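J.: Chain residues, written in single-letter form:
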Amino acid sequence: MIKNLLVALPLTLALAAPSLAQEFPDRAMRIVHGFGAGGNADTVSRIMGEAISTNLGEPVVVESRPGAGGTVASGYVAGEDPDGYTLQLMVGGHAVAAGLYNELPYDSVNDFTFLSTIGQFPFFVAARAGEYESIDAVIEAALADPGSIVIGHSGVGSTQHLTGELLGLQTGADFIHVPYKGGAAASTALMGGEVNLIIDTGTVISGQAEAGVYDILAVTSADRWPDAPDVPTLNETVAPGFDVVSWTALGAPAGVPDDIVAILSGAISDALAQPDVRERIAALGANPGASTGAELQALVERQIAVWSEVIETAGIERR
Amino acid sequence: MQGTEQDQPSIAKRSVSGGVLLAIGLIMLAVAWEYPVGRLTQMGPGFIPRVIGFAICAMAIAIIVSDVMAPALPQARKIQWRGLVFVSAGILIFAAFVDVVGLVPSMFLAVAVSMFADDDARPLNVLIYASLATLGGWLLFLVALELPIPAFWR
Amino acid sequence: MIDQFLLGLSVVMQPQILMYAFIGVFIGQLIGVLPGIGAITAISLLLPVTFYLDATTSMIILAGIYYGSQYGGSIASILLNLPGTPSSVVTCLEGYPLSQDNRAGLALFVAAFSSFVGGMIGVAILVLAAIPMTLIALRFGAPEYAMLVILGLLAASLIGTGSQLRSFAMVVLGIALGLVGADQTTGYYRFVAMPELADGISLVSLAMGLFGVSEIIRNAANKRPSGPALSIRMRDVIPTRKQARSLVFPILRGSGFGSFFGALPGTGAAIASFMAYAMEKRFSRTPEKFGTGHLPGLAAPESANNAAAQTGFIPTLTLGIPGDAVMALIIGALILNGIIPGPRLMVDQPELFWGVIASFFVGNIILLLINVPLIRLWVLLLRIPYQKLYPVIIVMICVGVYSHRTSVTDVVLTLAFGVLGYLMKNYRFEPAPVLLGFVLGPLLEDNFRRAMLIYRGDFTIFLTRPISAILVTCSVALVVFAIWSSISARRKTVRPPS
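Residue numbers (this note's numbering), protein chains in the order written: chain X, 12 to 330; chain R, 2 to 155; chain S, 556 to 1053.
Rather than coming from a laboratory, the hints here were simulated on the basis of the structure. Just so it is clear, the structure is predicted and the values come from calculations on it, not from any experiment. Some clues are possibly wrong.
[As the list claims (entries may be wrong)] Looking from chain R toward chain X, a few residues come up when the C-beta cut is under 10 Å (computed):
no.: 1; residue: Pro37
no.: 2; residue: Val144
no.: 3; residue: Leu146
no.: 4; residue: Pro149
no.: 5; residue: Ile150
no.: 6; residue: Pro151
Think of the CB as a built atom: it goes at the ideal place given N, C-alpha and C, for glycine as much as any other residue.
All chains should be built: construct the whole structure from the sequences, respecting the hints.
T.: Okay, here's the thing in structure tokens:
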């Protein structure tokens, strides 16, 4: 109610929900995610929830069930009815978790219906301005004096952390990886000079880079990122073949009927075609774009294989 | 002060609180014993748990000693079983039901059950009051705040 | 600075923006009163609203919810021993005894006024010293945080009212509870009996259980004398001149502590209020009065958490770095409006930057103006028989804790801590040090191990880094002072009483 009053107050927007002549959905839906209120996952859920709700004419509530790197929420969703009313916002961590956890109460692929990606985003490698000329200089320094380069990351087992480990594995450089509580804390440590590098998303890094505090040395995607065409890739410089792109997507419990999947996928791709939704997703550092369920599933399977190997080779404690 | 007996509590009674703390410390050590300890300069996840476990045990022993030696010890207050049982029951019922039947019925049950902690509670009063409280809770949490909790499941 | 602040004021003084500022602080105030439902829940629920508002207005309304909730948090603490926000746990220690002594009105007034002064000092520092504070904050690395926490633990091990040994044991128990969950440095699971515990015990569960639920268990079956003599005359609400004078320095000290801790990313209002209380008690001439409704012990942490709520915006606004989860949400709202927060915010968006800061100034005044008249209403709440009140409180705790992480486990844990807190008190153990250890313990472990990792096990960094060295010196001085004062106290008591 408070929400509606606030929206109505400036009378800027009249939301008219189209009444669709179809059976699904006929009541409120929800998007469950496994991260804290206010994190990126939560924000993306709310952006998509808002758009899907306008599209299908039923309210969408966002439910945060944080815990154990998102696996509490995945386990919960996997056990819910596949009626299309329970959706899950998945992130790249869904694929990481498959390799990181010993006993997941669910199967990361077979217990879910994959609907569509929402956006894909790379990570950027950043250092304090002027400290390193290029990513090549960093790797040279690391190879010359093993253990001299400290990389701050946003938590053990995060995609950021594993990307750093993968960079070390592929270049043979011996980095020290230091965990912080989230990307913002790692960024503070970089600014304060406690670490030499951070690898994180555009939202964490670009504000500092624009202000000239950080130099962005490289991007983790295989090809140059459209929003930052001047930033070289790791692939073309120090680590040929390097390709890390994380993603957000929507899924549901396994076994959602095909006609409902079609309605949901349609609503998602319609939402992602709206300029304002695209703008908000892009503001969060991602390249917005829908996919088919099969494409999403293939992406998840591919990344499970990659991350499981990194976790194995880097000797990261499985839990 | 509230006890009727004039004499001081026995040694066993005096060492209850320290004893429970000692038990907590020992359980902690037992569970954490397998965690990798590492060294002071390169601590494993088991280092601090072990230190804290020993610290709790040491302090528990010190507390037992000081309680037993103390010339006069205030009597431990009597446990209010009625309050403990019904308040606990109310909260547990809420926890058990909220994911299954939704917010409104679980609020009603939690209020109704916990009201019996008061020995003056009469069934009819409880029924009326719990209904009113549930209505208020519904207005506050679901209508005004729009918390993402279903009112009734399905 | 002042010119720019005036520019900000001109932004806020537009009627529509003023109204949003009012709505923000008002919602925050209400949310703060509700146990368990914190600013994070409220802000994330309102986040979609900001899609329809511009960046400045969004920031003003969301920020208002945050610092408004700091005001509201103290109300339930004072009246019902129910910390509405984690940072108001300390408010319970002096506020609730005052309320039981039929002086709830006075306690509420002192809390509101201290909050106001703390908030205003925080705003002043934000206006005048945002950049220097940022530079200091950036010099706090892992070694500094580790030493700061040690200093804090030393200072605060006296926080309980009972014996030293018992209160120190409870600090350690709190540290033990803080160990539950995935180890931050290695990801190793410690004491994780079920997957819901992988991220640790929630502070909300612990605080609600130890304080709120345990108090209900204690009183539910008791016939509390319904207070006929509850006074709500304004004369009894306003402190006497003597009382007011005794509050000047505690409020200033509390504001200083709060402003400092607020500006450090990752510490926040809860730690600020704990530290302010501990220091106030440590250096008080009458430490024995603490815990019995001592006004300076109420005023210092109240001013501290509100000052911290304001200076918490320093790293957020000057660097674009969120110091805690609430700040991350507020930054999220900025990003959604197409503004990338960073060091250039102040230059590129002066109207937003200064408008938001000016809204804090105006918001604090609004909060004081709505709080003082409301005291009457809150005190009337105590006229409701406890038998009618407690079932409703139980439900509010349940819903609040549940909604926090949509977790049934958290609700059950809250009950478990309630029973624990009830039994503890029966055996003369205080709950407040448990929370202190719980908040500070992980901060110490993580930062110490991080320092060892970065500096490859070199202990001398604690002494060679200047700020760290200062903190070590303070800790040593504190220990020496404590030993010296206990020796001199013993000498006094050795003399036979005449």
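J.: Taking 10 Å as the limit, does the beta-carbon of R/Pro149 come near enough to a beta-carbon in chain X?
T.: Holds, because the Cβ-Cβ distance from R/Pro149 to chain X comes to roughly 4 Å (cut-off 10 Å).
J.: Tell me if the interface restraint on R/Leu146 is satisfied: Cβ within less than 10 Å of some Cβ in chain X.
T.: Interface hint status for R/Leu146: holds (7 Å vs cutoff 10 Å).
J.: Checking hints one by one. Is R/Pro151 an interface residue toward chain X, by the C-beta closer than 10 Å rule?
T.: 8 Å, holds
J.: Does the closest beta carbon of chain X sit nearer than 10 Å to the beta carbon of R/Pro37?
T.: 9 Å, holds
J.: Measuring from the C-beta of R/Val144 to each C-beta in chain X, is the shortest one below 10 Å?
T.: Result: holds, 5 Å to nearest chain X Cβ.
J.: Report holds or violated for the interface hint on R/Ile150, using the least CB-CB distance to chain X and a cut-off of 10 Å.
T.: For R/Ile150, the interface hint holds, since the closest Cβ of chain X sits about 8 Å away, which is under 10 Å.
Checked against the numbered hints listed earlier, the structure breaks none of them; every hint is satisfied.
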